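For the protein sequence lines, the chains are W, F, C and G, in the order given.
According to this note's numbering, numbering within the first sequence proceeds without interruption in unit steps and concludes at 364.
According to this note's numbering, numbering within the second sequence proceeds without interruption in unit steps and concludes at 364.
According to this note's numbering, numbering within the third sequence proceeds without interruption in unit steps and concludes at 364.
According to this note's numbering, numbering within the fourth sequence proceeds without interruption in unit steps and concludes at 364.
For the record, the hints were derived by calculation from the structure and aren't laboratory data.
A quick note: this is a predicted structure, and the numbers were derived from the prediction, not measured.
Check before you lean on any hint, since a few could be wrong.
The list that follows gives simulated cross-link-like pairs (lysine-lysine, BS3-like), each with its CA atoms no further than 25 Å apart [unchecked claim]: (1) 75/F - 149/F; (2) 319/F - 274/W; (3) 75/C - 190/C; (4) 319/G - 274/C; (5) 181/F - 197/F; (6) 274/F - 149/F; (7) 319/C - 274/G; (8) 148/W - 75/W; (9) 205/F - 190/F; (10) 181/C - 197/C; (11) 274/F - 319/W.
Which residues of chain C face chain G? A partial, calculated answer using Cβ under 10 Å [claimed, not checked]: (12) 7; (13) 105; (14) 111; (15) 124; (16) 150; (17) 224; (18) 227; (19) 234; (20) 251; (21) 257; (22) 273; (23) 294; (24) 312; (25) 313.
Built from N, CA and C at the ideal position, the CB exists for glycine as well.
Number of protein chains: 4
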Amino acid sequence: MKNTFGQNISVTIYGESHGEAIGVVLDGFAPGISVEEEFIQAQLTLRRPSGRISTARQEPDPFQIVSGVFEGKTTGTPICIMIPNTQTRSKDYSATRPLARPGHADYTAYCKYHGFEDFRGGGHFSGRITAGLVAGGAIALSALRKKNILIGTHILSCGGIEDRNFRNLENDLQELNQKTFAVLDEEKAEQMQEKIRQTAEQKDSIGGILETAVCHLPEGIGEPWFDTIEGVLSHALFSIPAVKGVQFGNAFSLVNGTGSNYNDAFRMENGKIITETNHNAGINGGITNGMPIIFQCAVKPTPSIYQEQNTVNFFEKENAVLEIKGRHDPAIIHRARVVVDSVTALVFCDILAGRFGTDWLA
Amino acid sequence: MKNTFGQNISVTIYGESHGEAIGVVLDGFAPGISVEEEFIQAQLTLRRPSGRISTARQEPDPFQIVSGVFEGKTTGTPICIMIPNTQTRSKDYSATRPLARPGHADYTAYCKYHGFEDFRGGGHFSGRITAGLVAGGAIALSALRKKNILIGTHILSCGGIEDRNFRNLENDLQELNQKTFAVLDEEKAEQMQEKIRQTAEQKDSIGGILETAVCHLPEGIGEPWFDTIEGVLSHALFSIPAVKGVQFGNAFSLVNGTGSNYNDAFRMENGKIITETNHNAGINGGITNGMPIIFQCAVKPTPSIYQEQNTVNFFEKENAVLEIKGRHDPAIIHRARVVVDSVTALVFCDILAGRFGTDWLA
Amino acid sequence: MKNTFGQNISVTIYGESHGEAIGVVLDGFAPGISVEEEFIQAQLTLRRPSGRISTARQEPDPFQIVSGVFEGKTTGTPICIMIPNTQTRSKDYSATRPLARPGHADYTAYCKYHGFEDFRGGGHFSGRITAGLVAGGAIALSALRKKNILIGTHILSCGGIEDRNFRNLENDLQELNQKTFAVLDEEKAEQMQEKIRQTAEQKDSIGGILETAVCHLPEGIGEPWFDTIEGVLSHALFSIPAVKGVQFGNAFSLVNGTGSNYNDAFRMENGKIITETNHNAGINGGITNGMPIIFQCAVKPTPSIYQEQNTVNFFEKENAVLEIKGRHDPAIIHRARVVVDSVTALVFCDILAGRFGTDWLA
Amino acid sequence: MKNTFGQNISVTIYGESHGEAIGVVLDGFAPGISVEEEFIQAQLTLRRPSGRISTARQEPDPFQIVSGVFEGKTTGTPICIMIPNTQTRSKDYSATRPLARPGHADYTAYCKYHGFEDFRGGGHFSGRITAGLVAGGAIALSALRKKNILIGTHILSCGGIEDRNFRNLENDLQELNQKTFAVLDEEKAEQMQEKIRQTAEQKDSIGGILETAVCHLPEGIGEPWFDTIEGVLSHALFSIPAVKGVQFGNAFSLVNGTGSNYNDAFRMENGKIITETNHNAGINGGITNGMPIIFQCAVKPTPSIYQEQNTVNFFEKENAVLEIKGRHDPAIIHRARVVVDSVTALVFCDILAGRFGTDWLA
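Make a model of the complete structure from these sequences and hints.
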């Protein structure tokens, strides 16, 4: 399996940045789930470049539900969503065909596909392919919300500026899901945006850390080996271009501490078993314990920058200098956030359908 | 799929800490690979608790190759390796049956398996289950070494003490693979071991960060979606008990920098395409670029500590206090290291067999 | 996995008979395979109803390659082919919505999808969905032909009329692949077509047996357990609507004989190991032996007939009488033949890519 | 995936005929299923050769549950069952090492495994490997029986002698499940056994047709594409050595009839929807309709016969004559029957767990 993920609910993606269309096939969703086209559109808009801090390519991302939805509800058979590519300027790219853009997949695609890859605009490696995940993820998010399972992501840090931590989680998630630039502290949001603008002026780019929470999952889902919650989630998350690290509960900082600090003591609260702290991020032995799942994704700075860069011409096997033209974002972290939410939702729908049966989500 | 991982070479694990035996079934290895039983034994010994800084349970881990090996070589059919459980003291555990050990899977196992789980010694969640991965991983490591693909791991940090970074990678890996306590800088190794001893005296435990390198992989393996190198590796690595974070190329630290610093410039060197830096950790767009794969795993402090801890009795749904008895490690990071190597080797064998065919590894 | 088949080359189908479009996503094909659009069109035409012996619905099956093909060759990334539904008369069906057509999936779809299924024209159960398999199969057939692997199917029997057996296999296959009505003996072809016409006049339908041969496969592919050639092929073949039996080498007739007759003696011929007979159909222990693979599919009579039939109204849970209107075939066996070829080609591409690596087919 | 089958409940087999042991790992069974060791033993005994009509190799098949069962019930984690090989006379086989036994997998194994295969007694291709399926299948059969789902198989024909058809299905299944030689009509059972004895005297072997029924499955399980009930079942059934054909509801005979005869009219009976006939074998569009699933397996004559046979020496690539020594059955159809039941049970457990969730079978 390559471009397909998930066992009980599976996601298959297709398309290239400058081909006819990109899209997704979702299979295994219960019949009878409401498909809210406006929400899909709103999510696609969050992913879309917009405003000064993003690329000038303004694709409206109109989408078409080709199959699997009948009279506004899922049928239970594969849902194909197609997003046509309308605004493609292929000539931007052809001149630099054999020059490997540093940090991009041009060279590795060439190694893998022997030159047959559709190289225009990154082809199948383009961040644009995530639009299919976002469209599909919107259906997953809706279905989970009906089950009271909430997912939300904020920019925890960007260019050295740090957002506040989650506090009242449910409120925070609801707030985040109404924001275009997902930062809890408005002042920090301003600072980050200013930082992104400055970076753009320096013809440079910037990355950061996204933090995601998932609330109200039932306890007892996940597997000890190999399909741990951590493992399945990270597998999917690393597909998001630019994600280079995934940690649960701030692990890289906390592991140098002691067990007596790291362990989450259990306690009864209103007849429910909870933990006093949540360093294990809602997961023990790969399985949910009823506490929120909290994880962070490291999002590398966008590799497309407007400065001259040293590289190679991989046709000629010789050194070269590259100056990237075209339309590019100085940061994609604020857009990646909706992709993280989408992927997370799809993963949990899959896990829940496997555990409780195909009709559970309906 | 739960306890099975891998598409072309698959690994299935079974067993409980205090049952008859634990073990592994490996399927898909090319016929004709030499199986070096001494190397398997040596790897199992590295995983085994030993000396003052580890638990007093001294299981010699004798293993039995039950199938799939004939006249010292793989047959191409499933390799079942069984490791009997000999030294089990089950009565240590039964008294505290319904008391959820903080940081352990007792409570989540109860949620998932409704009380039918074999709870003795952590059952199927026990770190002991990784012995099967180590035995299987030894075959994978041998096979890769024949192809000049090298894998090695060091303890990058433990209790705040940091090892030096990789320098001459091949030398470092060879050196590491002869060490019991895998730290490059001998002085730091001493300090870490001292730190672990001190922590044990305080009835506490400690974690740290493992850093792994994989050299000489062919370029062009991996998938853009969803089976990125990062995704498949992390999926498997998160199965290792205590791993709570995986990052490639120090991502969480570097993402707050700029693209101009993060991007790895390409350059020709002796007719080969290399990158000047390796922040992308040998992977662009999910696919290898020929540079070493470098990743780090955050290993949480062992949850078993000898201090009193607050918890709940999940049978009675009431608060409780727990004092763990028995034999436990104040740190497992030095033992986890061989598990990381093993899992990494198994994952790359799988990916390589998928890309180049079932006979490639022979 | 539901609507996805294959491990190394996977096929995902989507669409409903009267929705926007139907289609297929093919993933895992080597980069650089020529995609012959004319051949795809020709294969789709063979599947299409035509002439007096088929339904009056004359959909031209124009197809659109949405992704995965660049400058006439596969890129190595997912190939999405979409076939719009243009000529849909949905009102034909709605009147009889809750009346289960005998032999159709109306009732089982209702049980499975709880009434949310797109019931129009059979929805996702429609034979029309096989057009996606045929389009994808055309690429597979082309790729195999380049490797000298030939596939062909004839109508072995229909309405009691029997075609001659395969004789000179390569000639027979080439001949068959140029025929619209795939019968080796022209006289028998006339008789079968006459039989189908007579059956249509009686408002009835008819089935038969398809026999398929695959030549020049390398020996040594397939698995002893569970992915035997027989098992994987039959798994896929039973997806073709109306296929209710699969036998290799005329098994149901021959098994009552003795081992001394059934066994295929080996013999050297021109330095190559062959068998004197081929009752095992080119497969021993699930693995190819170099002889042609020969199998037969039992294709049940089309369930749509114009006679009154007893049935139930599954909304009201009461008996009912149904008279099917609309456009239907008195036989589909002559159209199913190209679907069998397509599915067979896709299955072998998958098996070969797994065995010899992803680039082998290029 | 090779030696692993199933998505939600998976079965992994390992072992060679003359190695240390053979066995099975079952993963995904709900926790809390009673494991009846006596029933497992009884099923293994049915598979075992016994009496005059079977091979003289009298292995008692003692089995050991190595993991996954605790206090008599499944834990929900992998169940490993091991069956040691005790009575192996390897020297019987080594003399004829490079002589391909006709109808056996010696030559195809050599092609696939390049001579590294454990050739002794058929190695991993031996019918003995099915003992693992039978042991695992016993747990599946027990679990299904608790849900009132019954499975049973009779020898429909053997050596030209035909058993009567199923009549009162539940009675017939109960009766069959108490018989050693599973034929409904006792007189026909005698005739078949006599036929087998005669065949043995002629140093020959014989095959036949097994017919299986599955009762009381819920309606609405299975998939339209590709995981049809027919497809998934046949995939698994073709793994049983000697099975060369699978048909549902006598398809190969009936397809030459007309749709008006083949279609199964629906009708209300006691408030339940049933069909008047059951030619579709309880399956429409790949999905159960509530009627019994009925299918037949063609079991080829045992390839081991005591007559001289022409073959090749595949080391020397030259013609040869082979006379098989050792212990062999003149028929295995009466033993294969319990394997068919076992495989069928495992497949339905997997399908049901996928549809209704992991706990459904408990």
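Now the hints, each set against the structure:
no. : hint          : verdict
1   : 75/F - 149/F  : 16 Å, holds
2   : 319/F - 274/W : 8 Å, holds
3   : 75/C - 190/C  : 40 Å, violated
4   : 319/G - 274/C : 8 Å, holds
5   : 181/F - 197/F : 19 Å, holds
6   : 274/F - 149/F : 19 Å, holds
7   : 319/C - 274/G : 8 Å, holds
8   : 148/W - 75/W  : 14 Å, holds
9   : 205/F - 190/F : 23 Å, holds
10  : 181/C - 197/C : 19 Å, holds
11  : 274/F - 319/W : 8 Å, holds
12  : 7             : 4 Å, holds
13  : 105           : 4 Å, holds
14  : 111           : 7 Å, holds
15  : 124           : 8 Å, holds
16  : 150           : 18 Å, violated
17  : 224           : 8 Å, holds
18  : 227           : 5 Å, holds
19  : 234           : 7 Å, holds
20  : 251           : 6 Å, holds
21  : 257           : 4 Å, holds
22  : 273           : 7 Å, holds
23  : 294           : 15 Å, violated
24  : 312           : 4 Å, holds
25  : 313           : 4 Å, holds
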